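Those protein sequence lines, which keep their order, are chains Y and L. Numbering of the first sequence is given in numbering that gives the first Met the number 0, commencing with residue 0 and proceeding in unit increments. Numbering of the second sequence is given in numbering that gives the first Met the number 0, commencing with residue 0 and proceeding in unit increments.
Honestly, I wouldn't trust all of these hints.
[To be verified] Derived EDC-like pairs (lysine to aspartate or glutamate); straight-line CA-CA distance at most 20 Å: (1) L:274 to Y:38; (2) L:274 to Y:273; (3) L:274 to Y:8; (4) Y:173 to Y:28.
Calculated directly from the structure, the hints in this document are not laboratory data. Quick caveat, the model's predicted, so the values are computed rather than measured.
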Amino acid sequence: MEILERTSDVMVINMGPQHPSTHGVLRVELKTDGEVILEATPHLGYLHRDFEKHCEAVLWGGVIPYTDRMDYVAAMNNNFGYCLAVEKLLGTEIPERASVLRVLVSELNRIASHLLAFGTYGIDIGAFTPFLYAFREREMILDLFEHCCGARLTYNYIRIGGVSRDLPPEFEPKCRRLVRTMREAIPEYNNLLSYNQIFVARTRDIGVIPAELAIAWGCTGPVLRGSGVKWDLRKDEPYSIYPELQFEVPVGKGEVGTVGDCWDRYMVRLREMEQSVDLVEQCLDRLKPGPVMAKGTRSVKPPKGEVYHRTETPRGELGFYIVSDGGKKAYRCKVRSPCFCNLSILSEIAPGHLIADMVALIGSIDIVLGEVDR
Amino acid sequence: MFALAEALKMDLIPAGLALFAENVTLIGWALVALAGGLVFANGIILYRLKTMGPTLPRMGNTIQLFTLQLMPPALGRLLLLAQTGAILACVGMAVPMLMAVPVPAFLSAGWIVPRVQAIPTWIVVAIIALVVCKALLGLMSVYVMASGWVERKVSAHMQDRLGPMYVGGWHGWAQSIADGIKFILKEDITPAAADRFFFKLAPYIVFAGAFAALAALPWTDLVSSREIANLQEAGKPLPPGVIAADLNIGILYILGVTSLGVVGIIMAGWASNNKWSLLGAMRSAAQIVSYEIPVATALLCAVVMSGSLSLVDIVRDQGTRGEILGWYCWPWVNPFMGIALLIYYVGALAETNRAPFDIPEAESELVAGYHTEYSGLRFSFFYFAEYVNMYTCSVLASCCFLGGWYPNFGSPILGAAVLGGKALFLVFVMMVLRWTLPRVRVDQLMYLCWKVLLPWALVCLVGTTVWVVARG
């Protein structure tokens with residue numbers, strides 16, 4: 000009841016569902032005193048498309064295009080997570096080349112997704128130019144995906160038992176060119192935005208999420224690592240060929256302010272891009288000819304049972320809890336969405352900040368409403 | 000002003016009209032040529048209107064055709080009617096002139112001259128004022144359109160893209176004209192719950208505030224710095240500079256009228272009945288009112304240097320010190336003025352709501368700030384005012400710190416080009432800054448104003464004063 004004691008009136012502002020910085024159709028109900036936020040309540044569901052119920056209506060393989068449409072800026076990683084869960088239930092052995100390809104495309108998509116996060120974060124803070132630089136590089140990745148599967152946003156590339164088709168010959172040289180370009184581009188981004196005085200002033204000590212709080216709210220991905228917790232499922236609960244690959248897990252260290260502020264979360268993403276570029280290169284080196292699809296996976300009927308499998312998407316821990324009754328369709332498919340859990344901490348962190356900080360905060364959590372609402 | 004009006008009334012206009020009366024036949028031929036040209040243009044327009052069916056042909060490069068593409072049919076017909084009327088008028092006037100029929104009485108010099116000389120002087124003054132306003136408005140329209148296009152191109156090239164490339168042919172040069180036409184044709188929406196009177200009034204106030212400042216901005220000088228020095232030595236009065244109104248409180252006037260804009264901004268934000276607009280207006284009020292203090296203090300340094308509030312005198316003082324080496328911003332002229340220039344420029348960015356201080360219209364935070372609810376022509380008034388303000392601030396910076404129209408080698412045209420070039424360069428820097436820097440937060444903005452710029456501005460003012468006194 001601290002609100003009532005104030006002399007000035009409280010203003011209720013709807014931030015969204017149409018607002019330039021809510022990254023989709025999120026509505027945050029703000030109670031403000033002037034520009035200071037007293038209370039922030041996210042209202043979800045504007046993009047709810049009933050994903051989980053749809054899964055019960057289509058064949059096991061038919062769910063994959065739906066997963067594309069959850070986190071639509073990292074569709075490969077969603078495909079990957081779902082297929083791994085079903086394969087865990089099936090007990091299928093995946094061909095070596097298919098596994099490498101899956102990791103390759105999901106790391107490429109991680110770069111594309113983080114590029115988008117970086118670019119839109121620049122816009123949120125008021126710098127428009129980095130966004131177009133990021134899209135320049137993202138365009139190259141989308142071209143590569145077009146080579147893989149013909150699609151640029153929703154791929155349906157990773158299938159149960161492997162991947163839908165092999166790479167065309169021009170993929171590898173183009174991908175190596177991308178690796179070179181990204182290695183030059185990331186320092187450019189840092190020069191342009193990361194260490195810009197105004198940018199640092201806008202993001203340091205803003206939206207600090209202490210490690211315990213992040214864990215308590217179930218935050219994962221760059222949000223958790225930004226708070227200094229070294230937790231990455233690719234390392235801590237490795238799947239596919241990740242155990243054989245060399246990479247670091249960057250965490251926030253509070254370089255410019257407090258550990259767990261917006262700048263730390265932002266920087267974790269940029270550093271993860273560097274690691275993903277290394278991973279892409281390692282995958283390219285490991286590509287050997289071979290089949291890209293396991294036999295007998297055209298039409299699957301997983302045995303009766305249930306499984307939970309979680310993977311590390313660009314936004315955090317994406318978990319699929321699948322129940323099969325032995326039929327052609329899933330009995331139940333529950334998704335543990337990283338964006339949903341990460342977003343929930345907003346109402347805890349936002350009070351006391353200014354409206355401008357709210358924009359920085361939402362941007363640093365990097366939500367995709369397609370996945371929050373499903 | 001009154002002397003000029005009197006001269007016009009007594010000598011120039013009667014002489015011009017007498018010339019007109021003596022050359023009636025020649026003018027008749029000119030009218031025939033004009034009518035012919037209009038017939039030709041009409042033919043083209045008619046042809047285009049006929050051929051423009053549901054499948055519009057790819058338009059050529061001429062503006063007229065391009066305009067037609069955007070025009071609703073009713074406007075096209077209106078244009079045709081007007082042109083037909085003009086042709087008829089031309090023919091109607093030219094025929095009696097060419098037939099050498101007795102010149103009508105109202106066209107003879109003997110009839111005109113005494114009647115012109117009888118016009119009260121204040122009416123001539125008012126007409127001159129209107130003409131000057133119209134000229135300034137036209138000049139500024141061209142400048143706003145050109146700089147709008149340049150800003151698009153600058154941002155595009157900074158961002159690895161091309162920007163407008165199609166409209167008008169060469170690098171999309173007519174894009175701003177197309178946008179201007181679009182603004183005019185768009186629906187003018189007033190939100191249902193808005194305070195209609197103030198909602199409609201606000202853009203005019205913002206526009207008027209920006210535009211009124213132009214009255215006291217100098218453009219160039221008719222005499223060279225050497226002549227000025229000679230005249231000053233001889234103790235003779237100096238000829239006026241090229242300026243709409245050489246006020247002896249020029250800087251004070253400009254500071255005063257430009258801050259009129261903030262009233263319009265608050266009015267717009269409040270009357271829109273939109274919370275984001277209101278927040279934008281509140282931010283803007285706080286920002287503009289605060290930043291006026293360091294800006295005015297920085298300008299005061301130039302006033303202290305020259306001993307005058309008139310911009311013409313300030314520039315002339317720099318010219319007599321040296322056309323290039325005498326600019327106030329050089330450390331050997333006064334070590335504090337360079338800092339004052341920086342303070343002024345940063346403050347001007349904030350006063351014109353340009354990035355990195357564009358928080359009143361911060362797109363990512365406040366949707367579009369105080370002009371969120373405005374559309375069409377009313378929106379373009381805000382846009383126009385922003386660019387005019389940028390120009391005003393740049394001219395002020397050029398005049399008070401960067402030597403104004405010097406070096407001009409005694410040529411008024413060169414002087415105008417030099418001053419325009421300096422001002423446009425500063426506008427260009429504003430554009431580059433906008434597309435490079437992120438936006439500061441509202442509290443950081445206030446911190447910068449009150450705790451960084453203002454103390455330094457005061458240091459500069461005191462330093463300049465001491466310097467001026469110590470060096471005599």
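Status of each hint after checking the structure:
1. Distance hint between residue 274 of chain L and residue 38 of chain Y is fulfilled; the C-alpha atoms sit about 17 Å from each other, no more than 20 Å.
2. Between the alpha carbons of residue 274 of chain L and residue 273 of chain Y the distance comes to roughly 42 Å, so the proposed pair goes past 20 Å and is violated.
3. Taken as a hint, the residue 274 of chain L and residue 8 of chain Y pair is honoured in the structure, with Cα atoms around 14 Å apart against an allowance of 20 Å.
4. For a cut-off of 20 Å, the pair hint linking residue 173 of chain Y to residue 28 of chain Y is broken: about 46 Å separates their Cα positions.
Hint compliance for this structure: hints 2 and 4 are broken, all remaining hints hold.
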